[in-house]
Structure formats: C-alpha cells, structure tokens
Amino acid sequence: MQRRVLVIGLDGAAAGCVFAQMAEYLPNLYGLAQAGSFGVLRSCEPPITVPAWACMLSGKDPGQLGIYGFRHRHGPGYEDRGFVHARLLPGEMLWHWAGSRGWRTVLLGVPPSYPPPEIEGAVVSCLLTPEGASTVTYPPSLGKMLAEVAPDYRFDLAGFRLVDDAVLFREAAAALRARFRLARELARRQPWDLFVMTDIGADRVQHGLWDAGDGCRGGHAVRSYYQLVDEEIGRWLAELPDGVCIWIVSDHGAQPSRGGFHLNEWLRQHGWLRLQEDVFETQSLRSDMVDWSRTVAWGEGGYVGRIYLNIRGRQPRGVLSPQDASRVLEELRDALACGVAAGAGEHVPVAAYQPEQLYRELRGFPPDLFIYVGGLRWRVFGGVGSGQLFSAGNDLGRDRANHHPDGIYICWDPVAPARGPSDPLPITSVHACLQAQLAGERQVLGA
Numbered sequence: 043m044q045r046r047v048l049v050i051g052l053d054g055a056a057a058g059c060v061f062a063q064m065a066e067y068l069p070n071l072y073g074l075a076q077a078g079s080f081g082v083l084r085s086c087e088p089p090i091t092v093p094a095w096a097c098m099l100s101g102k103d104p105g106q107l108g109i110y111g112f113r114h115r116h117g118p119g120y121e122d123r124g125f126v127h128a129r130l131l132p133g134e135m136l137w138h139w140a141g142s143r144g145w146r147t148v149l150l151g152v153p154p155s156y157p158p159p160e161i162e163g164a165v166v167s168c169l170l171t172p173e174g175a176s177t178v179t180y181p182p183s184l185g186k187m188l189a190e191v192a193p194d195y196r197f198d199l200a201g202f203r204l205v206d207d208a209v210l211f212r213e214a215a216a217a218l219r220a221r222f223r224l225a226r227e228l229a230r231r232q233p234w235d236l237f238v239m240t241d242i243g244a245d246r247v248q249h250g251l252w253d254a255g256d257g258c259r260g261g262h263a264v265r266s267y268y269q270l271v272d273e274e275i276g277r278w279l280a281e282l283p284d285g286v287c288i289w290i291v292s293d294h295g296a297q298p299s300r301g302g303f304h305l306n307e308w309l310r311q312h313g314w315l316r317l318q319e320d321v322f323e324t325q326s327l328r329s330d331m332v333d334w335s336r337t338v339a340w341g342e343g344g345y346v347g348r349i350y351l352n353i354r355g356r357q358p359r360g361v362l363s364p365q366d367a368s369r370v371l372e373e374l375r376d377a378l379a380c381g382v383a384a385g386a387g388e389h390v391p392v393a394a395y396q397p398e399q400l401y402r403e404l405r406g407f408p409p410d411l412f413i414y415v416g417g418l419r420w421r422v423f424g425g426v427g428s429g430q431l432f433s434a435g436n437d438l439g440r441d442r443a444n445h446h447p448d449g450i451y452i453c454w455d456p457v458a459p460a461r462g463p464s465d466p467l468p469i470t471s472v473h474a475c476l477q478a479q480l481a482g483e484r485q486v487l488g489a
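The sequence shown maps to residues 43 to 489 in our numbering.
Source of the hints: derived by calculation from the structure; they are not laboratory data. These numbers were taken from a predicted model, which means no experiment stands behind them. Quick reminder that beta carbons are idealized off the backbone N, C-alpha and C, glycines included. Honestly, I wouldn't trust all of these hints.
[As the list claims (entries may be wrong)] The calculated label-pair distances, taken between Cβ atoms and stated as ranges, are:
id, residue 1, residue 2, range
1, G417, G133, 29 to 39 Å
2, A65, G133, 34 to 44 Å
3, S266, G462, 24 to 34 Å
4, D366, Q44, 48 to 58 Å
5, R123, G417, 53 to 63 Å
6, E273, M331, 41 to 51 Å
7, D333, A474, 45 to 55 Å
Kindly produce the complete structure, drawing on both the sequences and the hints.
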C-alpha cells in the first residue's frame with residue numbers, strides 16, 4: 043500500500059550539534075528520534091551542498107551524476123565553467139520515479155532545482171536561483187501563491203559572510219519562518235505523496251556564527267537557530283495527517299574553521315603553475331594571467347580544492363603529454379602527503395584523491411585531484427598573489443565553520459518499531475529507503 047513521505051532537509055546540520063542537544067533543547071527532533079531511528083548520514087565526496095542533495099535523491103554518487111560542486115565544468119577549456127543547474131540532473135531522480143507511478147512530488151528549495159524542472163507535482167526553486175529570475179516555480183502559476191503566502195521568501199541569505207552577526211541571525215530567522223510558512227501552505231493546498239524541502243539557514247548561520255570555543259554545540263547563536271528550526275518542525279508535525287513517514291536529514295555537517303590554504307600559491311612555489319608576470323596583491327586567478335606554455339597544473343578553491351593537469355590534446359594549450367600525467371599526479375600527491383608548513387613548526391596534513399578512487403564511474407569533467415586540507419578544517423583559496431600558503435581568514439568574508447562529512451538523519455515510520463541510534467547511513471542509501479516507504483514496503487536503513 044502506497045504511503046506518503048515528508049523529507050525536511052536542514053542544510054549543513056551537524057551531527058555533533060544536533061544529537062548533543064536534542065534532549066535538552068530540541069524536543070520535537072528528540073521525540074521523532076526516540077520513536078524512530080537516527081544516526082549519522084555520511085555525505086558524498088566532496089561533502090558539498092549541491093552534489094550531496096542530488097546524490098541523496100538519486101542514489102548516485104557525484105561521478106555518476108557528473109556534478110562535483112556548486113560550479114560545473116562543461117568542457118576542457120580553462121573558462122568552461124558555470125553554476126550547476128537542474129538540467130544537469132539525470133532522468134532517474136526520485137521525483138521521476140514517483141511520477142512514473144502516478145505519485146505527486148512537491149520540491150521546495152531542493153538544490154539543484156533552478157530552473158524549476160517540470161515534474162508530476164510542484165516546485166519552488168533553490169538557492170541557485172539568480173536574483174531577478176522571472177520563473178522560480180513550476181508550474182509558473184504557483185508564483186502567485188509564493189507571493190501571496192511568503193512575500194518575504196528568500197532563496198538564499200546573500201552576503202551571509204559580510205553582514206554583522208546580529209543581522210545574519212535576524213535574517214536567517216525571518217527566512218526560516220517564511221520558508222516553513224510556505225511549506226505548510228503548500229502541503230495543505232497541493233496534493234502530494236512525496237514532499238521534500240530544504241532550509242539553507244543552518245548552513246549559513248554556522249558559517250557566520252559558529253563559536254569554536256563552545257565545543258560541539260557550535261555556540262549560543264547556532265543553538266538558538268536550531269531551536270527555531272525545532273519549533274517550526276513541531277508546528278508542522280502538529281497538523282500532519284496520520285500515517286506520514288517523516289525524515290529529517292542534512293547533506294553534510296560542520297566543524298570549526300581554521301582559515302584557508304592558498305593552493306595556487308603552493309603550485310607556484312613548486313613550479314607546476316607559471317604566471318605571465320609576478321603578482322604581488324591577492325586576486326583571483328584568471329586564464330590570461332597564466333603562462334600556459336610552461337604550466338603543468340593549476341587549482342581551484344572552495345571547501346575542497348581541485349587540481350587540474352594541463353594535458354596536451356585535452357586542454358586548449360596543454361603541455362603535459364598524456365603519458366606523463368600519472369607521473370605528475372604521483373609527484374603532486376607525494377608532495378602534499380608530507381603536509382604543508384603552516385608556521386610555528388606546524389605541518390597541516392593534506393589528502394589528495396583521484397576521482398577514480400572515489401566514484402563508481404566518471405561523467406563530465408572532474409578535476410584530476412581533489413584536495414582536502416587538515417580534515418576539511420581549512421578552506422582552499424584559488425587566488426594568487428598572497429605570498430603565503432595559509433591565512434587565518436577567508437577569501438570571501440568571514441567563515442567560522444567548514445564542512446564535515448557527518449550530517450544527520452532521523453527517520454520516523456509510523457508502522458515500524460523504534461530502533462533508536464543506528465549505524466551511519468551513506469547519503470546515496472536514502473533514495474532506496476524513500477522508494478521503499480513510498481511503495482509501502484519495509485525499508486531497511488543502510489540497504
């Protein structure tokens with residue numbers, strides 16, 4: 043017998059934060075967890091918002107999707123990149139599967155859902171929605187309801203690294219209320235069998251307001267935001283009909299940030315990256331700044347670094363023969379494996395992974411190496427000209443938290459016995475669990 047499933051996604055919700063304070067501060071999450079199952083939801087590699095949500099709702103890893111971050115390489119050229127969009131998703135997403143069975147899905151803020159895909163159901167676009175976009179819902183007529191119910195709705199918290207602490211918290215709280223207000227109204231007005239919504243606020247609050255001195259609780263502001271989330275969830279649970287399966291999930295976790303690693307400065311120091319002329323002020327690396335005739339590798343930044351080899355026959359001005367690519371990758375990995383000196387006698391460990399090590403198959407244009415610095419406690423900067431390898435701050439503004447692979451899941455199934463704490467669940471396994479619940483079958487966590 044087919045059942046209804048509600049998935050509430052809390053972007054970046056950290057296992058340590060949530061599970062450490064459920065009993066004391068988060069009564070609604072605690073009640074769901076105690077009546078069902080809960081545990082760590084292990085994110086994808088790399089643990090980044092856009093690929094992680096796509097992995098959760100497709101059962102595929104980033105290599106199978108060809109989506110490796112917010113930014114997407116659509117060719118081998120140095121400037122062949124842009125933001126991920128919904129048209130990159132395969133036709134095997136969970137809502138396609140549900141629609142093929144005549145079941146309706148509502149998606150609210152689920153990345154990547156811009157431009158809004160045409161599905162059997164309704165869509166409100168996600169944080170990738172550009173400012174001033176004309177069509178942000180499917181069907182387009184749903185935009186009238188959005189303006190009516192939540193005129194203060196925000197797809198993302200723009201400038202969250204730049205505004206002061208009090209403003210960020212106030213804006214995040216207002217956006218949270220508007221999002222849940224819209225979610226509840228959509229659930230009332232739209233027929234649905236599967237409802238998936240995400241809130242970006244927890245991620246933004248942690249990046250901006252995490253207090254490294256307050257341990258796993260993340261600081262008073264972070265805890266206060268989670269309390270607001272718990273209240274909104276409780277308000278929604280109170281009006282849900284009987285028999286709805288409920289999931290609370292996050293795409294990745296969070297941990298204190300130590301600053302950033304200047305990847306391209308490191309590549310310059312080792313001679314793998316050559317510029318047309320010296321740069322003495324920090325700036326973004328542009329293609330026209332690089333002497334491609336002498337450059338073997340270059341990098342891009344983010345929560346995870348990416349190194350690309352300048353291979354002859356693949357890149358427009360490649361110099362490295364394909365036969366030498368394996369040797370250079372090994373040299374890069376050996377150099378990074380020794381750690382990078384951060385001053386005061388400290389060597390920061392760096393892990394380098396080839397995509398073939400992480401994924402079952404490769405689609406699109408992945409980097410030749412993924413770079414994780416200090417267990418993801420250090421962001422990776424892609425600029426040049428700093429003259430140093432590490433900075434205490436962030437190249438985009440303040441950032442007090444970085445990503446962590448451990449997110450959360452709480453699953454309450456009205457026909458399944460309580461299981462309490464459960465084993466870690468790979469993020470790609472959620473897809474099969476949701477399919478089983480929708481189909482009225484007995485879902486097995488981790489299957």
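Now the hints, each set against the structure:
no.	hint	in the structure
1	G417 to G133: 29 to 39 Å	holds, 36 Å
2	A65 to G133: 34 to 44 Å	holds, 43 Å
3	S266 to G462: 24 to 34 Å	holds, 27 Å
4	D366 to Q44: 48 to 58 Å	holds, 56 Å
5	R123 to G417: 53 to 63 Å	violated, 27 Å
6	E273 to M331: 41 to 51 Å	holds, 50 Å
7	D333 to A474: 45 to 55 Å	holds, 49 Å
Hint compliance for this structure: hint 5 alone is broken.
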